Structures are given as C-alpha cells and as structure tokens.
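Novice: Build out the structure end to end from the sequences listed, making use of the hints.
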Amino acid sequence: MRKYKSRQASAEDVRTVFVRPGMANLTFVGAEVCRLGPGQSWTATVDEHYEYALVLMSGSVEVANRVIGTKRLDGRASVFDDSAPYVVYVHPGEALRVDANSEAELLWAMARVDSSAVATRVYEPKDMAIESRGTGETARLVRHLLEEPGQAERLRLVEVITPGGHWSSFPPHKHDREDPPTESLLEELYYYHMKPSTLWAIQRVYGDDGLGEAWAVYDGELVVVDRGYHPVAVPPGATAYYLNVMAGPTRQWNFTVDPNFSHVPGFSVPNDRRVP
436 MRKYKSRQAS
446 AEDVRTVFVR
456 PGMANLTFVG
466 AEVCRLGPGQ
476 SWTATVDEHY
486 EYALVLMSGS
496 VEVANRVIGT
506 KRLDGRASVF
516 DDSAPYVVYV
526 HPGEALRVDA
536 NSEAELLWAM
546 ARVDSSAVAT
556 RVYEPKDMAI
566 ESRGTGETAR
576 LVRHLLEEPG
586 QAERLRLVEV
596 ITPGGHWSSF
606 PPHKHDREDP
616 PTESLLEELY
626 YYHMKPSTLW
636 AIQRVYGDDG
646 LGEAWAVYDG
656 ELVVVDRGYH
666 PVAVPPGATA
676 YYLNVMAGPT
686 RQWNFTVDPN
696 FSHVPGFSVP
706 NDRRVP
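Letter by letter, the sequence shown follows residues 436 to 711 in my numbering.
There may be inaccurate statements among the hints.
Cut-off 30 Å, straight-line C-alpha distance, at most; resulting in silico cross-link-like pairs (DSS-like, lysine-lysine) [said to hold, decoys possible]:
{"id": "1", "residue 1": "Lys438", "residue 2": "Lys630"}
{"id": "2", "residue 1": "Lys630", "residue 2": "Lys440"}
{"id": "3", "residue 1": "Lys506", "residue 2": "Lys561"}
{"id": "4", "residue 1": "Lys561", "residue 2": "Lys630"}
FYI, nobody ran anything at the bench for these hints, they're computed from the structure.
Quantities reported herein were computed from a predicted structural model and do not represent experimental measurements.
Specialist: Below you can see the structure in the form of structure tokens.
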C-alpha cells in the first residue's frame with residue numbers, strides 16, 4: 436500500500452496527484468488527477484501500449500479526438516451530487532485534448548495493454564448503472580462507470596459514496612494473484628474526496644503474509660493497493676467518495692473474501708460479487 440498526497444495545480448502542471456506503472460509496485464494500472472480553470476487546456480500524453488479513460492469528476496469541458504470529434508460535456512458540480520460522471524474511453528495511442536469551460540477536475544486512468552479492440556467513445560451519466568450495496572453499517576452507493584463487457588480491454592472504473600459510520604470495500608477481500616476462477620490479479624487505485632473536506636477516512640490493507648498497514652486518507656489523496664485485503668471505514672460526521680481504477684493481466688474480477696469475516700450475517704459467501 437502506498438499513499439500519495441495532493442499538490443496544488445499550476446498553469447505549468449495541472450496535475451494534483453499521479454501514479455503510473457513502474458511506480459509503487461504497479462505493472463498494469465495508473466492515473467493522473469488534473470484540475471483546470473476556465474479557459475485552461477490539457478492534452479493527454481498517450482502511448483500505443485496503454486488504453487485510457489477520462490473521468491469528468493466535476494465541471495464543464497470540451498473534449499476533442501479524431502474519432503469522436505469535439506464534444507461539450509457539462510458535468511456535475513461535485514462528486515457528491517446525485518449523478519454519475521461523463522467517461523471518455525480512449526483507444527491506445529489516440530490523442531485527447533480537454534478545454535475547460537469552468538473549474539473542472541479530471542481523472543485520467545490508464546492500463547497497460549497488448550492491443551485493444553475497443554473504439555474511442557463517450558459514455559454519458561445516463562449510461563451508468565447505479566447500485567445501493569450492503570445493509571446497515573455496510574450500506575453505500577456504487578456507480579458502475581466502466582465495468583460492462585466490451586467497454587475496455589483491461590480497465591475497470593467504479594465510484595463509491597460511503598456515509599459516515601459505514602464501511603465499504605467490505606467484507607475485506609483481495610485480488611492479488613492470478614488463480615482463475617478463484618481469484619484474479621487486479622491492481623487497484625483509490626482516489627478520495629471527503630465531505631467536509633477537512634475530515635478523513637481510514638483504509639486498512641493487510642494479508643496473511645504479515646502485511647498490515649492503516650492510513651488516515653484525506654481529501655484529494657490517492658491510495659495504491661497492489662496486494663492484500665483493503666476495507667475502508669468512514670467516521671460519523673463524514674461522507675467519503677472514492678473512484679476505483681483497476682487493471683490486471685485480464686479484466687476478470689474474481690476475489691477472495693477474508694475467511695475471518697465468514698461469521699458476519701449476509702457476508703459469508705466466498706467471492707461475493709457485491710463488493711468493489
């Protein structure tokens with residue numbers, strides 16, 4: 436587990452936090468978070484060995500690409516609004532330019548691929564499946580952004596809103612070894628926002644091999660989970676948002692639930708597909 440703190444965006448570098456394959460034990464997945472002001476532009480750096488997805492977390496922008504042309508995307512004001520974001524899937528090696536009409540926050544997700552049969556396209560908020568998941572203190576809201584078959588070669592994207600006093604990424608589960616159909620190797624990133632922004636969530640990452648870490652995670656921070664179980668807890672009085680970016684050698688999503696939680700009512704089924 437590794438945590439990256441946010442920094443102030445500037446006219447010279449609009450990125451606030453980023454991680455790429457080759458950093459933090461990552462092989463497949465990466466992400467950059469960018470903040471743009473009105474009239475500011477950003478052009479993605481692309482590589483033919485990666486597929487990409489732009490998540491418009493908030494704000495209004497115009498995106499330009501040779502396949503989709505120029506499109507205006509009027510997104511939500513906040514990640515805590517009752518709405519999913521726009522997502523633009525970008526085929527390997529294709530350029531993308533973003534021009535901001537307002538203050539805007541973007542996440543540029545990437546996954547290493549050998550090739551991709553998926554064409555560049557825009558997914559609108561109405562295209563996203565939204566799910567209420569869990570019960571009681573594990574209840575949370577899940578927005579499935581890029582998880583359907585055929586939407587990407589390796590990338591998976593999901594947003595989760597967790598109320599105060601609740602748990603998410605629960606029951607604790609892991610996907611750090613390629614052992615189909617029991618478990619898949621999927622590297623995972625968590626990008627956080629908190630409401631109020633001064634509060635925090637707790638993310639624990641642990642394993643049977645002695646791995647055991649816990650972090651207070653603040654607004655605008657990014658957590659890398661390359662192995663281990665990885666539940667999240669949110670204190671009363673706070674609401675947590677995180678955007679998960681996942682990728683591995685395949686796009687299969689199989690995982691192992693911590694057997695120590697098999698006694699918890701409603702969470703005793705191994706490989707329960709309800710959890711992110």
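Novice: What's the verdict on Lys438 and Lys630, does the C-alpha distance respect the 30 Å limit or exceed it?
Specialist: holds, 19 Å
Novice: Regarding the pair Lys561 and Lys630, is the alpha-carbon distance no greater than 30 Å?
Specialist: Given pair Lys561, Lys630 holds - Cα atoms ~25 Å apart, limit 30 Å.
Novice: With the threshold set at 30 Å, check whether the alpha-carbon distance from Lys630 to Lys440 stays at or below it.
Specialist: holds, 17 Å
Novice: Taking only the CA atoms, is the gap from Lys506 to Lys561 under or equal to 30 Å?
Specialist: This hinted pair holds, its Cα atoms lying about 16 Å apart.
Checked against the numbered hints listed earlier, the structure breaks none of them; every hint is satisfied.
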